[in-house]
Structure formats: structure tokens, C-alpha cells
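As you go down the protein sequences, you meet chains D and B in turn.
Heads up, the first sequence is in our numbering, so the first residue is 18 and it goes up one at a time.
Heads up, the second sequence is in our numbering, so the first residue is 18 and it goes up one at a time.
No wet-lab data here; the hints were simulated from the structure.
C-beta: ideal position from N, C-alpha, C; glycine also.
Among the clues, some could well be false.
To be verified - To spell it out: a stretch of chain D is covered by chain B in this simulated footprint if at least three of its residues, at any positions, have a beta carbon under 8 Å from a beta carbon of chain B; those stretches are: (1) 31-37; (2) 40-52; (3) 195-205; (4) 211-219.
What the hints assert, rightly or not - Keeping only pairs whose Cα atoms sit at most 30 Å apart, straight-line, the calculated DSS-like set for lysine-lysine is: (5) D:K275 with B:K127; (6) B:K134 with B:K275; (7) B:K275 with D:K340; (8) D:K304 with B:K150; (9) B:K217 with B:K127; (10) B:K134 with D:K191; (11) B:K275 with D:K351; (12) D:K275 with B:K275; (13) B:K217 with B:K191; (14) B:K100 with D:K264; (15) D:K127 with B:K150; (16) B:K264 with B:K150; (17) B:K191 with D:K148; (18) D:K275 with B:K217; (19) D:K264 with B:K148; (20) D:K127 with B:K217.
As the list claims (entries may be wrong) - Label-pair ranges, simulated between beta-carbon atoms: (21) D:N209 with B:G307: 51 to 57 Å; (22) D:S206 with B:N197: 31 to 37 Å; (23) B:M194 with D:Q181: 27 to 33 Å; (24) D:L190 with B:G225: 52 to 58 Å; (25) B:G307 with D:T293: 37 to 43 Å.
There are 2 protein chains.
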Amino acid sequence: MEMDARKTVILQAIIRNYLETGEPVGSRTISKDTDLNLSSATIRNEMADLEEMGYIEQPHTSAGRIPTDKGYRFYVDTMMEAKDREMSEMKDVLLERQDRLEDMLRSVVKLLAQDTKYGAMITAPSTHSNKLKFIQLSRVDTAHLLAVIVIEGNVIRNRILTTQEELDEETVLKLNMLLNTQLSGVPISEINLSMIAAMKQQAGIHSGVIGEVIDAVAEAISEEDLQVYTSGATNILRYPELADNEKASQLINTFEEKALLGDLLTPEGTEGESETGIQVYIGSETKVQGMQDCSVVTASYELGDGLRGTIGIVGPKRMDYDKVVGTLKQLRTKLDDLYRNG
Amino acid sequence: MEMDARKTVILQAIIRNYLETGEPVGSRTISKDTDLNLSSATIRNEMADLEEMGYIEQPHTSAGRIPTDKGYRFYVDTMMEAKDREMSEMKDVLLERQDRLEDMLRSVVKLLAQDTKYGAMITAPSTHSNKLKFIQLSRVDTAHLLAVIVIEGNVIRNRILTTQEELDEETVLKLNMLLNTQLSGVPISEINLSMIAAMKQQAGIHSGVIGEVIDAVAEAISEEDLQVYTSGATNILRYPELADNEKASQLINTFEEKALLGDLLTPEGTEGESETGIQVYIGSETKVQGMQDCSVVTASYELGDGLRGTIGIVGPKRMDYDKVVGTLKQLRTKLDDLYRNG
DNA sequence: GTTAGCACTCTATCTCAATGAGTGCTAACA
DNA sequence: TGTTAGCACTCATTGAGATAGAGTGCTAAC
Numbered sequence: 018m019e020m021d022a023r024k025t026v027i028l029q030a031i032i033r034n035y036l037e038t039g040e041p042v043g044s045r046t047i048s049k050d051t052d053l054n055l056s057s058a059t060i061r062n063e064m065a066d067l068e069e070m071g072y073i074e075q076p077h078t079s080a081g082r083i084p085t086d087k088g089y090r091f092y093v094d095t096m097m098e099a100k101d102r103e104m105s106e107m108k109d110v111l112l113e114r115q116d117r118l119e120d121m122l123r124s125v126v127k128l129l130a131q132d133t134k135y136g137a138m139i140t141a142p143s144t145h146s147n148k149l150k151f152i153q154l155s156r157v158d159t160a161h162l163l164a165v166i167v168i169e170g171n172v173i174r175n176r177i178l179t180t181q182e183e184l185d186e187e188t189v190l191k192l193n194m195l196l197n198t199q200l201s202g203v204p205i206s207e208i209n210l211s212m213i214a215a216m217k218q219q220a221g222i223h224s225g226v227i228g229e230v231i232d233a234v235a236e237a238i239s240e241e242d243l244q245v246y247t248s249g250a251t252n253i254l255r256y257p258e259l260a261d262n263e264k265a266s267q268l269i270n271t272f273e274e275k276a277l278l279g280d281l282l283t284p285e286g287t288e289g290e291s292e293t294g295i296q297v298y299i300g301s302e303t304k305v306q307g308m309q310d311c312s313v314v315t316a317s318y319e320l321g322d323g324l325r326g327t328i329g330i331v332g333p334k335r336m337d338y339d340k341v342v343g344t345l346k347q348l349r350t351k352l353d354d355l356y357r358n359g
Numbered sequence: 018m019e020m021d022a023r024k025t026v027i028l029q030a031i032i033r034n035y036l037e038t039g040e041p042v043g044s045r046t047i048s049k050d051t052d053l054n055l056s057s058a059t060i061r062n063e064m065a066d067l068e069e070m071g072y073i074e075q076p077h078t079s080a081g082r083i084p085t086d087k088g089y090r091f092y093v094d095t096m097m098e099a100k101d102r103e104m105s106e107m108k109d110v111l112l113e114r115q116d117r118l119e120d121m122l123r124s125v126v127k128l129l130a131q132d133t134k135y136g137a138m139i140t141a142p143s144t145h146s147n148k149l150k151f152i153q154l155s156r157v158d159t160a161h162l163l164a165v166i167v168i169e170g171n172v173i174r175n176r177i178l179t180t181q182e183e184l185d186e187e188t189v190l191k192l193n194m195l196l197n198t199q200l201s202g203v204p205i206s207e208i209n210l211s212m213i214a215a216m217k218q219q220a221g222i223h224s225g226v227i228g229e230v231i232d233a234v235a236e237a238i239s240e241e242d243l244q245v246y247t248s249g250a251t252n253i254l255r256y257p258e259l260a261d262n263e264k265a266s267q268l269i270n271t272f273e274e275k276a277l278l279g280d281l282l283t284p285e286g287t288e289g290e291s292e293t294g295i296q297v298y299i300g301s302e303t304k305v306q307g308m309q310d311c312s313v314v315t316a317s318y319e320l321g322d323g324l325r326g327t328i329g330i331v332g333p334k335r336m337d338y339d340k341v342v343g344t345l346k347q348l349r350t351k352l353d354d355l356y357r358n359g
């Protein structure tokens, strides 16, 4: 059985209709909805073929048809028309919040959830493979040092260190000089043992502190590495197919436990559509346990100086792919532009 | 109608039973459960009295009785026996995470939710009415300054400032000196306009920067002031009386929008039980919209150096008050101890 | 290849009766 | 006067038909 033009039109009509209504679609509906001028009986024949090919299925005998994962996939790959959608408020947010990355992400993800009516998530741009800009040690009191670590892209991490030895202001100044001469501009991934050893040697009797600082740098960076912001978890309760207690609980929980979303939001290699930066995972295609009844659309974004993050939308399999993909495309370029010009 | 000993016993039995089962309690059940040796008919008479007094009600004729808000209130005020409950894992968390306040709070709130099976929330200790420890300005590049603000209790805030004028290292050093001499040890609430004016004057041509730094200090402190961590939002789906789509959606949403929880978690004056630091809000007693079907138990805690925060548990009105109050009492003292000894 | 017609299937909805838990009231009892 | 047995009554819940309606697959005619 091969896919011809007419079958494509019919499949498209079925999916479009199902996306709108969420109800199984019958042959009569299609007969009237399309301008093929075919009777319902003819549509029925075609539908039987489409079912045999695995694009649609019946929830039960004597019900209309609903798309299968394969059907959605076909739709997304060949029939989708991503609408370029402006989110008016988004612009303001992007302009205002430029100074506080965290706030900006929170606002973006919230607006995204409100606008799409699906669950939204966004990762803070990853700092991996980026350069240390500078390190600032300050004496807090006799036993504590404050280490402020600034990474290319003005990402700031700080940590309080408990020192074994008492350090006076002068020593702290020296250590600052040493650390910055050695580490400024060095990609984090390139800090290796021999560099550390060299610094420890130069630090002389204070080598212990150097070790602690380096540890703190490593920890500060790796620990908060994948920060995920989410919004609109409760939106999934809007969709009856996800709203039963069992599923909803698991899904909302996954949103709460942001760590579980990591797999979704860390792009792995370049697959299919990834030249556009947008990926669609339908039902069982997802990598995350307990999301088999959902679809996930992710988009990568980049903040000018090499900081990369990912945006994700989680909704029912019958989500409005056109709208979601369009919105993400738009947002993606907005974010890219923003920091290129900012 | 006055409350006598027997009525108290019966009311207690009704509430205890209802807390366990969640089902309306009938007269026969009470007749057998208590050791009063009364027939169900007698119990019925007493129940009619209790209903008239407003402590219990019937969901419909020919159903058993369930406690009213007033009934719960009576229970909590006079009949509750808070069990001192150890949470074994909690100890480890408190010991391990001492260094990273944020992580500690996240772990605590998560364990609390898991242990109680209710929704849990905790505020980061408030920095209000605390003293500035020191301010550190550093030059990031020609146009940007990094301001690190450390508050008593080692709470750190940082901010990147865009400066109008170019500043060399020396100037930054001077500004640092100036800021710290003037502001170190000063309670945040006492920074006023005349102090700022004085500093600006001393800063001479760099007075603009001083203004920006002060703004940043104010902003940094006020903005993230009430940081709320939550966990276990989905636990409310366990309780049928809260699990219908309408209510559940609103409740989980409130959890997501942590800002809305602020009212719950900012103690206002000293009411009823507050000498123990524990407050119980039953049903309509709550201050937050959309939580009329819940009860909320809050406990204040203090981290040694005057930092105060609040822990909250949200559950159905038929929550296990004994357990929750016991757990919070325990946790509260654990937290207090921790930083006193740490 | 397309269509009208028809029997068939299955879900959803409604009604109706039966069940059972629990009550309130009355009259008898200690 | 407080307690209890007994009984009629109420009302939510449950399950069993009965019914309607949507939609299909198949056949035969166009």
C-alpha cells in the first residue's frame, strides 16, 4: 500500500480535526470538511487503508479514527505549517529583564506556558566549555573566605570557604593575583592537574587554600549546571487524556523534580530536524519515563557568547504543533538576536 | 448547650475516626469505638447536640457526621496530642548540607513532603533587619562592575552594574573603601538618604556610581527577599476531596506561583499558639484565596544569628494534625540547634 | 472507482429498582 | 431523668436493562 495525494489530504484532515476537537473523527466529517467531493463511503475505504498502514487507529469498533504516533510523525514531518507567531508581551520581557538572567528565564517560561496553555520549561544557558572571566577572593572573617567566580557571559557563582589557616588581607590579595593571572580566560574544561600543581607551588605555604578554591570552582560550576525553570504544570489538567489522577500526578511530579527533565533538555547530537534547532518528540519517542502520552517540542537557543540552553514545551499528543513550533522558532531567534545586539 | 466530658470524648472519637478514614462517621461506629458503653441511640442524641453546637455536620441526611471547621479547631486547641516524631533521614541532611543553605532547604522541604504526604514549603530565612557585612566591587570590564553584597549570616547577593563612566582599578579600590567604611555593620533598614548623600559627596566625581551601587543593594535585598521552596504539590491529588480538577489545578498552581504563598509564610504578629512558633489554619481561617478546603500548619524557625524563616505544610482539612505538628516541632528545634552549635 | 443502503457494534446515557448505611423519633425501661 | 430498643424514613450508591446515536464494514448497484 502506498501513500498517494488523496490519502495525504484525508490524513491531514483527520489530524487537523482531531487536534481541534480531541474527539475521534468519522468518515462523514471528513467527507464534508475536505473539498474532495467524496462520499463518506469512499472516505471509509481510504481510512481503512490508512489504518492498515498504521497512521490512524480506532479507540474501539464503531468509533471514528484518531492518529497514531506514526500519524502524528508524518504530520509533523511533511504536513505541518509552522505559523510565525509573535508573542506581544514577550518582547517587553526580553527588553526589560536583560540584566537579570534568572528573572528573564522565569518570565519567559511563564509567558510561554500562559500563551501555549501547555507545560513549559527552559534551561539556564550551560556554562560548560566556557571561559573563566575572573575569580575574586575576599576575607569574610578569620575563618571564612568568599569566592566569587565570574564566567564568560557574566554568569556569577559564589561560595563561602572555610579556611584551615588564618589569612590576612595581604595574603588574600596575593592569592587573588595568582589565581587571576593563571586562570583568567582559561576554558573551564582545560583546568588540569598540572596547572593546579603549578599554582599550589607558587602559593607556597598557602597551597591548601588554592586547592580549596579550585574545588569550589569545579563544584560551583558542575553543581548548578543544569538549572531548569518550569511553568504551567497544571496546564496538563486541561487535557482529559492526561488529567486522570495517575498520569497527572506523575507528570506534574516530573515537572516539580526538575532533574528528571534534564534528559529532555540536553540535546544529544544532531538528529533529524536539528538544523532548525527544533525537535519534536511524539508519545513513545520521548526519552523520559512517564511521558509516553505526551508530546514534547524542544528548541535550542544561544545567547551570543556561546551560552546554549534549551526550551521545551510539554503537551498532549494532540498539541497544536503548528503553533508551538512557530512560537518556539520565533522565540529562539528573539533570544539569539537579543544578546547579539545587547 | 454546654460541652461536657462525654461530649468531648464523643467528638474526639468522631474526629479521630474521620481523620483516619475520610468517611462520615456513624453513631454505631462511635458506640463500639469508645469505652463509654453507650448504645448508638444515645450517641445519636449526643451527636444531634454536637451538630446543634456547630462542631459536626452531615454531608446529607442519612449520612454520618463529619467535623466542621469549628470542630477541627476544638480538636486542635484542646484534644491534639502532638507526637514527637523523628525523621531519621532529616538528621543526615541537616548535617551534610550545612554549607549550602539553598540545597539544605530544598532537601528539607522534599523530605518533609515525602514524610508527611502533604504539600510542603519553606522560606529561606529573611535577611530583613540584618546588617550588611561588606560590599565588594570589582571591575569586570570597561563598562561593567560586579557588586557582591554579603549580609550578616553569610547571605550573598551579587549583581552586575553597567557604569556610565570608565573606572580604573584604583578608583574601584577607593569606592570599595568608602562603601565599606560607611556601610559595614549597618542594618539595612537604617540606610537612609542622608547617608547616601554623604557618600556621594565623598565620592566626588564618581558619585553616580555610588547611587547605582546603593540601588543595587536595595534591589538585591528586596527582590529575592522571600524565596520560597516547595515540594510535594502532587500529594494533594492523594486526597479525593481536593483532587477534582478545579480545586487541584488551583492548588497546585498556587504552589507553582510561590509568590502567592507569601501571605501564608510571613507571620503577622503573635496570635494564639505562636509562643510555640506553630500555627494551624483550618479551612476558612486561611489567608490565601483558594485554600478554603485545606488546612495549613506553619512553624517559624531561626538560624542562630537572627535569620528567621517559616515552614509550612498544606493538606486536606482532615490532615493528621498530631503528626504534622509533632514533625514541625521537632524539625524546628533541630534547625534552631543546628546553627547554634554549627 | 464511487456510492447508497443496511446490518452490526459499541459507547454513552437514562431510568428504575434494590441495597444499605444512618438518622430521628417514640415509647418503654431502670 | 437518662438510656435504649424499635421502627419508619431518607438518601447516596450500585447495577441492570433499555435506548439512542455515532460510526463502521460490507455488498450490490451505478
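> Which hint numbers doesn't this structure obey?
Replying inline: 1, 2, 3, 4, 8, 9, 10, 14, 15, 16, 18, 19, 20 and 24
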